[in-house]
Amino acid sequence: MAKLMYRDAIRNTIFQEMQRDPRVVVLGEDVVGGMGTAGGPEAIGGIWSTSTGLYDAFGPDRVIDTPISESAIVGAAGGLALAGKRPVAEIMFADFIGVCMDQLWNQIAKFRYMFGGKSICPAVIRMPCGAGYNAAAQHSQVIHQFVTNMPGLKVVMPSTPEDACGLLRQAIRDDDPVIFLEHKFLYGMSGEVSDDPEFCIPFGHARLARAGLDATIVAAGMMVGYAEAAADELARDGIGCDVIDLRTTSPLDEEAILDSVEVTGRLVVVDEAPPRCSLATDIAALVASKAFASLKAPTEMVTAPHTPVPFARELESAYLPSPAKIVAAVRQTLSYR
Amino acid sequence: MSMQLNREALTRAYRQMKLIREFEERLHEEIQTGEIAGFTHLYCGQEAVAVGVCEHLTPRDKIVSTHRGHGHCLAKGCDVEGMMKEIWGSQDGLCNGKGGSMHIADVEKGMLGANGIVGAGAPIAVGAALSAKIDGPDAEGKLGVAITFSGDGACNQGTTFEAMNLAVVTKAPAIFVFENNHYSEHTGNAYAVGTRDDIASRAEAFGMKVWRADGTDFFAVHDCMREVLEYVRVPGNGPAAVEFDTERFFGHFEGDPQRYRGEGEIERIRTTRDCIRKFRGSVTEAGLLSDADLDDIDTATLDTIEAAVKASRAAPRPGAANVLENVYINY
Numbered sequence: 001m002a003k004l005m006y007r008d009a010i011r012n013t014i015f016q017e018m019q020r021d022p023r024v025v026v027l028g029e030d031v032v033g034g035m036g037t038a039g040g041p042e043a044i045g046g047i048w049s050t051s052t053g054l055y056d057a058f059g060p061d062r063v064i065d066t067p068i069s070e071s072a073i074v075g076a077a078g079g080l081a082l083a084g085k086r087p088v089a090e091i092m093f094a095d096f097i098g099v100c101m102d103q104l105w106n107q108i109a110k111f112r113y114m115f116g117g118k119s120i121c122p123a124v125i126r127m128p129c130g131a132g133y134n135a136a137a138q139h140s141q142v143i144h145q146f147v148t149n150m151p152g153l154k155v156v157m158p159s160t161p162e163d164a165c166g167l168l169r170q171a172i173r174d175d176d177p178v179i180f181l182e183h184k185f186l187y188g189m190s191g192e193v194s195d196d197p198e199f200c201i202p203f204g205h206a207r208l209a210r211a212g213l214d215a216t217i218v219a220a221g222m223m224v225g226y227a228e229a230a231a232d233e234l235a236r237d238g239i240g241c242d243v244i245d246l247r248t249t250s251p252l253d254e255e256a257i258l259d260s261v262e263v264t265g266r267l268v269v270v271d272e273a274p275p276r277c278s279l280a281t282d283i284a285a286l287v288a289s290k291a292f293a294s295l296k297a298p299t300e301m302v303t304a305p306h307t308p309v310p311f312a313r314e315l316e317s318a319y320l321p322s323p324a325k326i327v328a329a330v331r332q333t334l335s336y337r
Numbered sequence: 001m002s003m004q005l006n007r008e009a010l011t012r013a014y015r016q017m018k019l020i021r022e023f024e025e026r027l028h029e030e031i032q033t034g035e036i037a038g039f040t041h042l043y044c045g046q047e048a049v050a051v052g053v054c055e056h057l058t059p060r061d062k063i064v065s066t067h068r069g070h071g072h073c074l075a076k077g078c079d080v081e082g083m084m085k086e087i088w089g090s091q092d093g094l095c096n097g098k099g100g101s102m103h104i105a106d107v108e109k110g111m112l113g114a115n116g117i118v119g120a121g122a123p124i125a126v127g128a129a130l131s132a133k134i135d136g137p138d139a140e141g142k143l144g145v146a147i148t149f150s151g152d153g154a155c156n157q158g159t160t161f162e163a164m165n166l167a168v169v170t171k172a173p174a175i176f177v178f179e180n181n182h183y184s185e186h187t188g189n190a191y192a193v194g195t196r197d198d199i200a201s202r203a204e205a206f207g208m209k210v211w212r213a214d215g216t217d218f219f220a221v222h223d224c225m226r227e228v229l230e231y232v233r234v235p236g237n238g239p240a241a242v243e244f245d246t247e248r249f250f251g252h253f254e255g256d257p258q259r260y261r262g263e264g265e266i267e268r269i270r271t272t273r274d275c276i277r278k279f280r281g282s283v284t285e286a287g288l289l290s291d292a293d294l295d296d297i298d299t300a301t302l303d304t305i306e307a308a309v310k311a312s313r314a315a316p317r318p319g320a321a322n323v324l325e326n327v328y329i330n331y
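As they're listed, the protein sequences go chains A and B.
First residue of the first sequence: 1, per my numbering; consecutive thereafter.
First residue of the second sequence: 1, per my numbering; consecutive thereafter.
Isolated chain B (complex conformation) (with noise of 0.2 angstroms):
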C-alpha cells in the first residue's frame, strides 16, 4: 500500500470511488422504471482506475473517455447533479440534455467528453497533448498531459493505432490508459484481441513505455500512475501507456442479459475483485481510517445521490425550440 497518501488523500479518494459506485448502482435501479431513456452503460467495478489516475491531475491536465464514462466524469470533477441530470434528459444537465449518458463533457474541467465512439477519443487526446506540449512546461518544468481511457475493445481500433504512433512520433505528453476489463462489448478477449489480456505490448511495439497494475487495487493504481506522470510530464519523454487489469461488474449496456458469463462469475468478481471492498479492507487494517469514517462516507455519499435524482426528477425539460440550438456559435 503506498504510504505517500496522507488520511485528507485517503478519504477523498474513497468517497469519489464510492460516489462512482453509487452513482451506478442507482441508475442500474433507475434504468429499470423506463424513466431514463437511451443507452447507458455502467463503470461499476472499474472505480479504482478512474480515481486513482484521475487524483493525480489538476485541471489543466485533460482526459478523454468512453461510451462507459461516468466514473472518468466524475472522477475528473464533473458535477454529480448536472451529470443525473444530463442523463435524465432535463435542460438543466450538464450539456443541457443534448448528449445525455455518452457524450457527458466539461471542457473547462479538462474533461473533454465521453463518446459513443469505440476508439474515438485516443486521437482527440493526442491533439489535447501537442496543445499542452506547444504551451510548454510549468514553473516546476512539468508538462500538462493528456489522458486517453481505452477498454480492451477500443485497442482493436485503428484510430487507437494511429493515435499512438502520432503521439510517438511527435512525443506528445499523452497517456493511454487501457483498462482491461475482458470484454469488447459481449466478447471476450480470448477471441477479440490478438495479444489476448496483454495490450500493453501493443503500446510497447509503437515505441512507448509501459506499464501495468491491478486496476482492482486502488494503491497500486495509484503507485504506477504517479510513475507514469513523473515521466509523461518531462518535456522530451513523450507518451506513455498503462494498462489496468479491472472487471466490469454489470453487462456492456443496461439490458444486457449476460448470456456470455461464466457460473457465478458475477458473484466472484464482486467478491474478490471489488476495488472498493479492497480499500475499505487494506486502510481498515492498516488503522489508516476506521469504519466509522468509512461508514460515515457512504451514508453521505447516498444522501448527494438521493438528492441528485430528486432534483433530475423536478428539473425543467427541454422544448421543442431547444432542438435548434448550439449547432453553431454564429450561421
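Here chain A stands alone, though its shape is the one from the complex (with noise of 0.2 angstroms):
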C-alpha cells in the first residue's frame, strides 16, 4: 500500500497500464500541455496533473496532444479501439459533452450492437466532472444521469483514490466502451492505494463504506464522502447507515441497494445531479419496485436542484447535496411513523 492523492492514483495506473500493453494509447486536450510554445512538451503535462510524464515515457505517437476538438477525440478513441488499440481519451471537463455527444452516444456506444456482437470498442473516456470550484454552469455539472441512460456504455464513478486506481484499471482492461467520471474536487484527495500491478474492482459491485441497521445511504462519486460524514455524525447520536458507495451505475449493483432497504427498511438517495429523470430517482424506482414491502417511509432524495450550477461561493453551496442535508434526510426518514 502507497498513501496517494486520487490525482495520482490515475496518472499511475495509467502510467502502468502503458507499460504493461502496448495498445493503451492517451490522447485529449493539453494531455501534454505545451506543445508548439517556447516551454516545450510537458510545460503544462495535464491540467490535472493526471498525464504528467506519460509523453517523455511514451513518446507522441502513444500520448497524442489533440486540439481543442471534442467530437474527434471521442470519434478518434473509437476509431482507434476499433483498430485494435486500448485508447484512454480525456474530455477536459465532463461539461463538453454536449459537443461530442454523437461520438459518444450514436457511434462508440453502439459498435457493437449495430454490427451484431461483431466488434470490440475497449475505448476508456475519462471525464473530469463535478461542482465546488465556483466554476459556474458549463465547468461543474455532473453527466452520470445521460450516460447511464446510454445502453453500451459502462459508467464508473470512483470515491476514494484506492476506487480510482482498481476501477481505471478495469476500466482500461475492460473490452466494452467505459465513461470514467474523476470528480474534480476529489483530485486532492489522499488514501492509501494498492500497489498490486494487477489491482481490479469488478465494475457492477458497490462498496459498503459505512455499516448501520436504521437507514440506507446510496451515493456515488463526491456524494460518497458527504454520506460518509452525515453517517458518522449520525452515529454520535446512535443512528446507524449503510452507506452504499455504487461505484458504477451502468451496472448497477441492484442488489446491494435492496438487501440494505430489506434491513434498514429506509432508504436516502443523493444525487449531485438535478432532480429529475436521475440516478435518485432510478434507485427510488427500484426500490419501490422491488423492495415495496419492506419501506417503512417515503424514500428522500438529496440532490442539486432544477437549476444550472450557479457561480457564486454562497450559491453554489446552497445548490449542492452536503452531508447536514443528508443528515436532514435521515432523521426525516426516520421520524415517518
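Hints listed in this document are in silico derivations from the structure and should not be mistaken for laboratory results.
Any given hint could turn out to be false.
[To be verified] For lysine-lysine, the following DSS-like pairs were computed, each having C-alpha atoms within a straight-line distance of at most 30 angstroms:
hint	chain 1	residue 1	chain 2	residue 2
1	A	K3	B	K171
2	B	K209	B	K310
3	A	K118	B	K209
4	B	K310	A	K290
5	A	K296	A	K325
6	B	K171	B	K142
7	A	K325	A	K290
8	B	K109	B	K171
9	B	K142	B	K109
None of these values were measured; they are calculated from a predicted model.
Mind docking these for me? Both chains are given alone in their own frames, and the hints should help you get the complex.
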C-alpha cells in the first residue's frame, strides 16, 4: 500500500497500464501541455496532473495531444479501439459532453450492437466532472445521469484514490466502452492505494462504506464522502446507516441496495445531479418496485435543484447536496411513522 | 486510361462495379414491394469511386463509410449474401439484423461501419489512422491507411473539420475521400456548400495535400488514388484529401420523389456520366476486354444477386430474445 492522491492514483494507473500493454494510448486536450510553445512539451503535463510524464515516457504516437476538438477526440478513440488499440481519452471537463455527444452516444456506445456483436470497442473516456470550484454552469456539472441511460456504455464513479486505481485499471482492461467520471473535487484527496499492478475492482459491485441498521444511504462519486460524514454525525446520536458507494452506475449493483433496504426499511438517495430523470429517481423507482414491502417510510432524495450550477460561493453551496442536508433527510425518514 | 492494369485487374474492377450496380438496382425494385423495412440510400452511379479506391487497399487498411454505404462495403470485401440478408433484417445478416442498411460493418475486413450520422465517420477514420501510425510501416516502409468516405453534405459538418485538423496536426495516414454528387440530401451545392462545387479547397485550407478527379471515370479514380496512397503511406507525410465529381442516379433515400431534379437530368447523367458504361466503352475500344467477356460478368453478377435475394427471403428471422444480445461483452 502507498498513500496517494486521487489524481496520482489515476496518473500512476495509466502509466502502469501503458507500460504493461503497448496498445494503451492516451489522447486529449493538453494531456501533454505546452506543445507548440516556447515552454515545450510537458510544460503543463495535463491540467489535472493526471497525465504528467506520460509523453516523456511513451512519446507522441501513444500520448496524443489533440487540438480543442471533443468530437474528434471521442471519435478518434472509437476508431483507435475498432482498429485494435485501447485508448484512454480525456474530455477536459465533463460539461463538454455536449460537443461530442454524437460520437459518444451514436457511435462508440452502439458499435457492438449495430455490428451484431462482431466488434469490440475498448475505449475509456475520462471526464473530470462535478461542482465545488465555483466554476459556474458550464464547468461544474455531473453527467452520469445521461450516460447511465445509454445502452452500450459502462459508467464508473470512483469516490476514493484506491477505487480510482482499481476501477481505472478495470476500465482500461475492459473490452466495452467505459465512461470514467473523476470528480474534480476529489483530485486532492489522499488515501491508501494498493500497489499491486494487477489490482482491479470489478464493475457492478458496490462498496459498503459504512454499516448500520437504521437507514440506507446510496451515493456515488463525491457524494459518498458527504454521505459518510452524515453517517458519522448520526452515529454520534446512536443512529446507524448503511452507506452504499455504488462505484458504477452502469452496471448497477441492485442487490446491494435491495439487501440493505430490506434490513433498514428506510432509503436516502444522494445525487449531485438535478432531480428529474436522475440516478436518484432511478434508485427510488428500483426500491419502490422491488422492495416495496420492506419500506417503512417514503424515500428521501437529496439532490441538486432543477437549475443550472450557479457561480457565487453562497449559491453553489446552496445548490449542492451536503452532509447537513443528508443528515436532515435521514432524520426525516426516521421520523416517519 | 491507365496502362498499369492487366486483364485480371480490369476484370475484377468491372465485376466489383457491376456487383454494386446490380445490388442497388435490385434493392430499388425490392423496396417497392414493401418487403424491406427502414431507410435505404442507394449508391448507384458512384461505383467507380468505391471500387477505384478500394482496389488499392489491403485488409490492414481501414475504411469508414456513410449512410450511402453499400458500395463501399462491397468494394472492401463484405459478403454479398451477408449484406443482403442484413438489409432484409435476417438473424443471419452480416450484423445479425441489428444494424440494417445504414450500419453494415465487417471490422475483420477493415470495414469499420456504414454510418447513419452524416459526417460522423471522419473522426473514427482518423482514430484508425492514428492506430496505423502507431503500428508503423511494413517491411517496404509503407504505412497502413484509414479512409473516410464523405459526401458533399458531410463536408459541411463540424466533425469533418475537426477530423481534418486533427489528422494534419498528428500527421495521421488518413485519406478524406469526398464524393461530390452535388446533392446534400435534397439540397444543391449551389446553396449548401459555400465553396460550391469545390470541396477539395476546404481540405487544402486545413493544410493537407489534395487531389481532384472525375469520379465517373474508373481509370481517373484509380490513377489518382495510386498517387494519393503512395503519398499517404510514407511515414511523416500525414493525411490527404481527394474530391471526386460523381453522380447519384437515385434519390437521397428510396421513396424520394426527387422533385429537385432538373428536366431530363437523370436520363442525361445515366447516358453521359455512367461510370460502368464508360468503363465498358474504354476497355472494349482498347481491345483489353471483349463485349463477350463483360457480358459473362453481367450474367454471373445477376445470378449472384438473385441467389442472395433468394437466400435472404429464406433466411431465419431474429426473435425477441435477440434484442438483448450484443449490447455488452459482459455486464
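Results of checking the hints against the structure:
{"no.": "1", "hint": "K3(A) / K171(B)", "verdict": "violated (40 angstroms)"}
{"no.": "2", "hint": "K209(B) / K310(B)", "verdict": "violated (46 angstroms)"}
{"no.": "3", "hint": "K118(A) / K209(B)", "verdict": "violated (35 angstroms)"}
{"no.": "4", "hint": "K310(B) / K290(A)", "verdict": "violated (48 angstroms)"}
{"no.": "5", "hint": "K296(A) / K325(A)", "verdict": "holds (20 angstroms)"}
{"no.": "6", "hint": "K171(B) / K142(B)", "verdict": "holds (14 angstroms)"}
{"no.": "7", "hint": "K325(A) / K290(A)", "verdict": "holds (26 angstroms)"}
{"no.": "8", "hint": "K109(B) / K171(B)", "verdict": "holds (24 angstroms)"}
{"no.": "9", "hint": "K142(B) / K109(B)", "verdict": "holds (19 angstroms)"}
Hints 1, 2, 3 and 4 from the earlier list are contradicted by this structure; the remaining hints agree with it.
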